[in-house]
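S.K.: Those sequence lines, one after another, are chains A and B. First residue of the first sequence? That's 1 in my numbering, and the numbers climb one at a time after it. First residue of the second sequence? That's 525 in my numbering, and the numbers climb one at a time after it.
Calculated from the structure, these hints are not laboratory results. Note that this is a predicted model, so its numbers are computed, not measured. Among the hints, a few may not be true.
Among the chain B residues that face chain A by a calculated CB cut under 8 Å, a handful are [said to hold, decoys possible]:
1) P584
2) E591
3) T599
4) T623
5) M624
6) S627
7) I628
8) E641
9) L647
10) G669
11) L685
12) V694
13) A705
14) V709
We put the beta carbon where it would ideally sit given N, CA and C, even for glycine.
This is what each chain is made of:
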Amino acid sequence: MSTIDTSSDPAHLRGYDRSDEFYVEEAGPPPLPFEERNREVDNTWDDPTRRAPLVVNHRTFRDVTDTVTDFTLSRPDWPWILGFLTCATITGLCLFGCITYLFLTGVGVWGNNVPAAWGWPIVNFVFWVGIGHAGTLISAILFLLRQDWRTSINRFAEAMTIFAVACAAIYPGIHVGRPWLAFWLFPYPNQMALWPQFRSPLMWDVFAVGTYASVSALFWYVGMVPDLATLRDRCRNRIGQVAYGILSLGWNGSSRHWYRFEKMYLLLAALATPLVLSVHSVVSFDFAVSQLPGWHTTIFPPYFVAGAVYGGFAMVLTLAIPARAWFGLKGLITLRHIDNMCKVMLTTGLIVAYAYLMEYFIAWYSGVHYEMFAFWNRAFGNYAWAAWTMITCNVFIPQILWFKSVRRNVLLVMVAAMSINIGMWFERFVIIITSLTRDYLPSSWGDFTPTWVDATLFFGTFGFFLMNMLLFVKFGPMIAMAEVKTVMPIAHRGHGRHGSDQPDRHDDIERASTGADYHPAESI
Amino acid sequence: MSAADQNFLANDMQVSDVAVEGSGDVLAGVMAEYDNVDDVYAAAEKVRDAGYSRWDVHSPFPIHGIERAMAIRPTLVPWICLIGGLTGMSIGLGLTIWTMGPSIPEAGVFSGYPYFESGKPLLSLPQFIPPIFELTILLAAFSAGLGMLVLNALPMLYNPLFKSARFRRVTDDRFFVVIDATDPVFDEEVTTELLKGTRPLSLEFVVD
Numbered sequence: 001m002s003t004i005d006t007s008s009d010p011a012h013l014r015g016y017d018r019s020d021e022f023y024v025e026e027a028g029p030p031p032l033p034f035e036e037r038n039r040e041v042d043n044t045w046d047d048p049t050r051r052a053p054l055v056v057n058h059r060t061f062r063d064v065t066d067t068v069t070d071f072t073l074s075r076p077d078w079p080w081i082l083g084f085l086t087c088a089t090i091t092g093l094c095l096f097g098c099i100t101y102l103f104l105t106g107v108g109v110w111g112n113n114v115p116a117a118w119g120w121p122i123v124n125f126v127f128w129v130g131i132g133h134a135g136t137l138i139s140a141i142l143f144l145l146r147q148d149w150r151t152s153i154n155r156f157a158e159a160m161t162i163f164a165v166a167c168a169a170i171y172p173g174i175h176v177g178r179p180w181l182a183f184w185l186f187p188y189p190n191q192m193a194l195w196p197q198f199r200s201p202l203m204w205d206v207f208a209v210g211t212y213a214s215v216s217a218l219f220w221y222v223g224m225v226p227d228l229a230t231l232r233d234r235c236r237n238r239i240g241q242v243a244y245g246i247l248s249l250g251w252n253g254s255s256r257h258w259y260r261f262e263k264m265y266l267l268l269a270a271l272a273t274p275l276v277l278s279v280h281s282v283v284s285f286d287f288a289v290s291q292l293p294g295w296h297t298t299i300f301p302p303y304f305v306a307g308a309v310y311g312g313f314a315m316v317l318t319l320a321i322p323a324r325a326w327f328g329l330k331g332l333i334t335l336r337h338i339d340n341m342c343k344v345m346l347t348t349g350l351i352v353a354y355a356y357l358m359e360y361f362i363a364w365y366s367g368v369h370y371e372m373f374a375f376w377n378r379a380f381g382n383y384a385w386a387a388w389t390m391i392t393c394n395v396f397i398p399q400i401l402w403f404k405s406v407r408r409n410v411l412l413v414m415v416a417a418m419s420i421n422i423g424m425w426f427e428r429f430v431i432i433i434t435s436l437t438r439d440y441l442p443s444s445w446g447d448f449t450p451t452w453v454d455a456t457l458f459f460g461t462f463g464f465f466l467m468n469m470l471l472f473v474k475f476g477p478m479i480a481m482a483e484v485k486t487v488m489p490i491a492h493r494g495h496g497r498h499g500s501d502q503p504d505r506h507d508d509i510e511r512a513s514t515g516a517d518y519h520p521a522e523s524i
Numbered sequence: 525m526s527a528a529d530q531n532f533l534a535n536d537m538q539v540s541d542v543a544v545e546g547s548g549d550v551l552a553g554v555m556a557e558y559d560n561v562d563d564v565y566a567a568a569e570k571v572r573d574a575g576y577s578r579w580d581v582h583s584p585f586p587i588h589g590i591e592r593a594m595a596i597r598p599t600l601v602p603w604i605c606l607i608g609g610l611t612g613m614s615i616g617l618g619l620t621i622w623t624m625g626p627s628i629p630e631a632g633v634f635s636g637y638p639y640f641e642s643g644k645p646l647l648s649l650p651q652f653i654p655p656i657f658e659l660t661i662l663l664a665a666f667s668a669g670l671g672m673l674v675l676n677a678l679p680m681l682y683n684p685l686f687k688s689a690r691f692r693r694v695t696d697d698r699f700f701v702v703i704d705a706t707d708p709v710f711d712e713e714v715t716t717e718l719l720k721g722t723r724p725l726s727l728e729f730v731v732d
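Next up, chain A with everything else stripped away, as it sits in the complex (with noise of 0.2 Å):
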């Protein structure tokens, strides 16, 4: 195309079809069809030479555009409709028919008691707000340590972000006994003349929480607003039209626009980092600043984020996996990605097993009478099936993902994936559980029993989690598409004009997507 003539004649122009007024399809190389897109490349490869490709099967914008929207903009199938059905009925039945007989009984439906007071509501606080931290580390943290291949889970692990959040979002609002009166946590005049503890971890959790939400609504809405705009251009349907029309703001690509927008996506990663790490810490505070045995210690913070970003990198997989198989994203959301994906889960894993090491080490080191009894009794105590199950989740199973051969197996990988999603719920579990039911005075101890309202409610929370995923990747850009293309090779300048005579630095990368052979003095 060096020579293109923009003189007389149009029709003559690389092809356009101009009998669609709406929409100018391109009669040139037809678009790659889905298996070819969908393809399982190996990518892992360990050689630092060789720069891996980050999408594969792609050679054109528009095979990513096809491979994100094509889902989106199509009718929704029945395996689709089944599961959202599904999904919503447990959100309805499970989620809102308990929270509606808990508001009309009162909280002793659950097993909360006296001593163990916070019961399951807040063993599945922790755990979903857990959970919602892996999608502000892949979207802000790896942004600011320059990792490209967030650009491919980042969209989703935000999306998982939010859901997460507002699943832990019920349950300190139903935990409060008087739920109508749940606004006297904000800060607001009133004539009793009365303000929040703002001394008190329990308000800092407030404010880190609704920060957190805020935050990372705006960052995942801002970020969707170019990917939304897609979707505008590409959708043909009125009502899509002018509802990603309005959610679009009116997005057109303009390179001042995307100027500031680059410039507040830095800011906005650059805030988030610290805010993402503040908000596990003050999590953690809620235990670490009482005086209980087993919870008041230095390390719960990092502890905590560990366990957080780990537990939500686990819940990443076990959504990531099952989706690039259906909806054919295996050539965005490559081996590679999930092979990174390991490696991050397997390095928090360590951290979080190190800490389970450290806290027994301290609590004998100490000396202190009651701590010593809370970790013996840990392991061997009333609960320690619990805490043998969570060790078990959370420190051995993982242990398989040094091998490569099981990070390039999805199936072992979701198996990992789930093992740490259940131990990291067991691991609230005994950290609540156990100190709650066994403190100082033998008098006061007593035992905690679920009551099927906890569980229901906690299966609801699951149903109302994947029923927003579901209805999320079906009308929303569920990859961050305009950055999957800027780590394309084509996006850098050099590589798109045929015949140019510029110096073709990531040519290996086209090659490697290719699959040609790589001959290492060349790439120089």
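Starting from the known structure of chain A, arrange chain B on it as the hints suggest.
M.R.: For chain B alone, kept in the frame of chain A given last:
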């Protein structure tokens, strides 16, 4: 000539040929289409060097280094973010100290609420840090996000560019240089010639 052809710019065409007669259509700009980053980057440099100021490059993703090819000035977004963050910090400090800290009886309604609890000092600044920190982040983040939108004049309810069927691909795989007709250097013929020299895929009058 079919409808989609209407705005296509042939060598000898004038605005009067594409504007619908009697509808009050005016020329809003000239738009050139490209299908790769190199061409649009080179075109941007040419337009910049020709001294235009009201023009833009539209692309499906941020083009690395385009701010140099377009001579875009640094944005105010970081300063807006800083102001938002400082405001959040001040609100946080004020809120916690006013509602918990030592009272100043002379200050009337602003005297505050000395809130003595659990044996902690009235002015327990270390414990006020988390709410102050979160409010700082909250306002800084929303200032950056909303500041970006306001400076970009978004939401934009109307844009003549969207009348072009070709322009729909700007969010997919095409790149456009648009020179606004209100640019002081803009001249229908000269500008069109300039863009023709950048090897575009197509050239179009944007009619408003």
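S.K.: For every hint, state whether the structure bears it out.
M.R.: Structure-based check of each hint:
1. At its closest, the beta carbon of P584(B) sits 6 Å from a beta carbon of chain A; the interface hint therefore holds under the 8 Å criterion.
2. The interface hint given for E591(B) is met, as the beta carbon of that residue sits about 5 Å from the closest beta carbon of chain A, less than 8 Å.
3. Among the interface hints, the one on T599(B) holds; its C-beta lies about 5 Å from the nearest C-beta in chain A, closer than the 8 Å criterion.
4. The beta carbon of T623(B) comes within 4 Å of a beta carbon in chain A, closer than 8 Å, and the hint placing it at the interface holds.
5. For M624(B), the interface hint holds, since its Cβ comes within 8 Å of a Cβ in chain A; the closest pair sits about 5 Å apart.
6. Nearest Cβ of chain A to the Cβ of S627(B): about 12 Å, over the 8 Å cut. The hint is violated.
7. A hinted interface residue such as I628(B) counts as satisfied when its beta carbon comes closer than 8 Å to some beta carbon of chain A; here the least separation is about 16 Å, so the hint is violated.
8. Because the beta carbon of E641(B) sits about 6 Å from the nearest beta carbon in chain A, less than 8 Å, this interface hint is met.
9. For L647(B), the shortest C-beta to C-beta distance to chain A is roughly 11 Å, which exceeds 8 Å, and the interface hint is violated.
10. Taking 8 Å as the C-beta contact cut-off toward chain A, the hint placing G669(B) at the interface holds, the least distance being around 5 Å.
11. With a least beta-carbon distance of about 6 Å to chain A, the hint placing L685(B) at the interface is held under the 8 Å criterion.
12. A cut of 8 Å between beta carbons decides the hint on V694(B): the least distance to chain A is about 4 Å, and the hint holds.
13. A distance limit of 8 Å between C-beta atoms decides the matter here; for A705(B) the minimum to chain A is near 17 Å, and the interface restraint is violated.
14. Given the 8 Å rule on beta carbons, the hint for V709(B) is violated: about 18 Å separates it from the nearest Cβ of chain A.
When each numbered hint is compared with the structure, violations occur for hints 6, 7, 9, 13 and 14.
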